[in-house]
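*Asks:* Quick mapping for you: the protein sequence lines, in order, are chains A and B.
With this note's numbering, the residue at position 215 of the first sequence is 215, and numbering never jumps.
With this note's numbering, the residue at position 165 of the second sequence is 165, and numbering never jumps.
Since the hints were derived computationally from the structure, they do not count as laboratory data.
Please note that the accuracy of each hint is not assured.
In this list, chains with the same sequence are indistinguishable; a pair is considered to hold if it fits within one copy or across any two.
[To be verified] The calculated lysine to any residue pairs, modelled on SDA-like cross-linking and capped at a C-alpha distance of 20 Å, are: (1) 246 <-> 235; (2) 246 <-> 136; (3) 215 <-> 227; (4) 53 <-> 141; (5) 215 <-> 230; (6) 53 <-> 245; (7) 53 <-> 211; (8) 215 <-> 231; (9) 246 <-> 231; (10) 53 <-> 98; (11) 246 <-> 227; (12) 121 <-> 160; (13) 215 <-> 202; (14) 246 <-> 230; (15) 246 <-> 202.
What follows is the residue order along each chain.
2 protein chains.
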Amino acid sequence: MHFTSEHRLDDAVLEREFTLGEIPGILWTPGSASSSAPAPLILLGPPPLGLRKAYPRLVARARHAAADGFATATIELPGSGDRPRLPAAEQARADLRRAVAAGEPVGDGIVDALILPLVDKSVPEWQAALDALLSLPEIGGPVGYSGGVISIGTRLAVVEPRISAAVLFAGSFVPRAIIEEARRVTIPLHVLLQWDDEGNDRQTALDLFDAFGSKEKTLHANMGGHTGVPQFAGDAAAQFFTRHLK
Amino acid sequence: MHFTSEHRLDDAVLEREFTLGEIPGILWTPGSASSSAPAPLILLGPPPLGLRKAYPRLVARARHAAADGFATATIELPGSGDRPRLPAAEQARADLRRAVAAGEPVGDGIVDALILPLVDKSVPEWQAALDALLSLPEIGGPVGYSGGVISIGTRLAVVEPRISAAVLFAGSFVPRAIIEEARRVTIPLHVLLQWDDEGNDRQTALDLFDAFGSKEKTLHANMGGHTGVPQFAGDAAAQFFTRHLK
């Protein structure tokens, strides 16, 4: 992990860009320049837009988390931003656009080809990022995962024992295989669903929520479309992390 | 409205029992004995157990609300506690028990007979209670409705313009006619659903949530069975009222 830039957003948050091999990422740590006790960490799963486009939303979440005493970090997804495209996913995205334009249902084959290679490739990257982040003296204590592509968060919750709690955003296609994996998740979950999300299948989201094996799982459904998560829903997600990671 | 008893639970809450005609009720007001500024009001819809059996749960909600600066009040439902039974509902309850014991689905006819007379009779009673409560100098400002039988809360939200926001508990049978009425609800709603509630039809609850016409509506689904609403879900409902009634 190499830090490539560093600047203070204000007296409360330090932002550092880094690379992990070929993968760019950003780390935000709370605390003033003079004092920064080790902070628990929240991994911020980005949307598949690329970190540059998603930056305004990510930094808002990072500032909120820092105010609650959390460090946050994110890495570029495979195929996003300046990273090489994933050919299978690109093909699936073209098939998806064609199906949607023709008013056809989006078949399981398209969803699997779009999501599964992304999950397979990105989960080990998040685990490598976690190795590097947890070796920093300014990071300590339990780890949460928040947002991003819900299938990635689900797989991470299954395979990565260092993640203690997760806020998942039900806003992307979910392969049936991931719904099966969800039964093996046992950590506390807080799932956000935008009820009238035009680009999301509500029933699949409900099926996924139902499948999670966790004894504590909460679904928060709100109005406002895919990007319209209300402020109070963000606050409730932050309270979930404070309850579980502090 | 006649007060029949009065005692302080502690320095922060005054509990008074009252009767409104034949109907018993309880009013809790916040503030010390010496100071009690007019407080916004939350109507606590009771479960159909009778106020005496439901008292421990009601008083816990009243104390929580008082700490947030709210007065709360509840009245006995028609057919509950010491009030005369509703013959149609009693018959429907017997039919319901028979259907459940026989492993048969609970038909629309049973649900309608169980719930609709209760809604028709209790909603004007809540409105009369509201008239009386709002005439007290210690009650002022906006009114919320919380919990109880969700069909009663739904009808009240449609017909009673003095109710500004409602927390509804999706934990009882819902007639199809009420789902149609729900489309006319426009106030902010916070709906609680116990995901694995053994006595509740989850799909009907989701259909009802979908039907509400409100621009702001939130569904919080949690684990823990019918009576196992987690503490943090109660806290979130309290925050909803603070957002909307203060």
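*Asks:* Please name the hints from earlier in the document that this structure breaks, with their numbers sorted from lowest to highest.
*Replies:* Hints 4, 6, 7, 10, 11 and 15 contradicted; others consistent.
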